[in-house]
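Protein chains: 2
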Amino acid sequence: MTDAADIIARYWAHCDAREWDQFGRLVAEDVVYEVPQSRERIRGRDTYVEFNRTYPGDWRIAVERITADDRHGVSWTSFLVDGTTQTGLCFFDLGDAGLITHITDFWPEPFEPPPGREHLTERY
Amino acid sequence: MTDAADIIARYWAHCDAREWDQFGRLVAEDVVYEVPQSRERIRGRDTYVEFNRTYPGDWRIAVERITADDRHGVSWTSFLVDGTTQTGLCFFDLGDAGLITHITDFWPEPFEPPPGREHLTERY
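So the protein sequences, as listed, match chains A and B.
Going by numbering that gives the first Met the number 0, the residue at position 20 of the first sequence is 19; the numbering climbs one at a time, nothing skipped.
Going by numbering that gives the first Met the number 0, the residue at position 95 of the second sequence is 94; the numbering climbs one at a time, nothing skipped.
These are computed hints drawn from the structure, not numbers from a lab.
Please note that a few of the clues may not be correct.
Pair ranges (Cβ atoms, derived) [unchecked claim]: (1) A/R9 to B/D15: 32 to 38 Å; (2) A/D2 to B/G43: 19 to 25 Å; (3) B/L79 to A/R52: 34 to 40 Å; (4) B/A96 to A/R42: 42 to 48 Å; (5) A/A61 to B/R40: 18 to 24 Å; (6) B/T83 to A/R64: 27 to 33 Å; (7) B/A16 to A/D20: 49 to 55 Å; (8) A/V62 to B/P55: 33 to 39 Å; (9) B/L79 to A/G82: 33 to 39 Å; (10) B/D57 to A/E117: 20 to 26 Å; (11) B/D20 to A/R52: 50 to 56 Å; (12) B/A16 to A/D45: 44 to 50 Å.
Just so we're clear, the structure is a prediction, and the values are computed from it rather than from any experiment.
All C-beta atoms in this analysis are idealised placements derived from N, C-alpha and C, irrespective of residue type, glycine included.
Sequences and hints are given; from them, build the entire structure.
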């Protein structure tokens, strides 16, 4: 496991456990978090921890996959809340100090298959 | 660059160039492609190449990022078609033969920010 993969695994473990001090120590003081789909951005460790700490719902996080090299990593997680499961895909950058400096967060939603490819696909 | 990162880079280069023979040689004969959002699945190299070869529109692919370890990789691409840009996120598994055996493809769409976090976020 690369250092980045280990840091991302700890990030999600602390998040799921609501261990906000330990969670916060994994991100840089000037961490930037972005959601390209809503064009939202959060700057700074304190605000970012607060965003997670106050995220609504009695949610749990299950890590499906972490893929990382030395300085970048990607997590695929299941976000479980109110009997539903959403997929979260996060791209992480790590800085020189081994802290997470940038997170890009995607939330793909279900959609109906486009027409015209039924002859090539099956449904599951 | 890991072998997986190199294979994924070649996969997208051949796809963008419509070099379908070379593209097909990067995936296993029994490759499985899945789109969790639409619950579509494609099985097999020939069908998978045909799916890509006949994908509608005069599209181009720009690779934004590839993150990979030895046997897994993730690509973040921009899919440019008809003056619009869509984000594509693909998770790849590689098999013993160094070929791509499984692809999971996500297409996150824009959404409006949920209420209640305006005090923590900026828009961009």
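Q: Enumerate the violated hints, using their earlier numbering and listing them in ascending order.
A: 2
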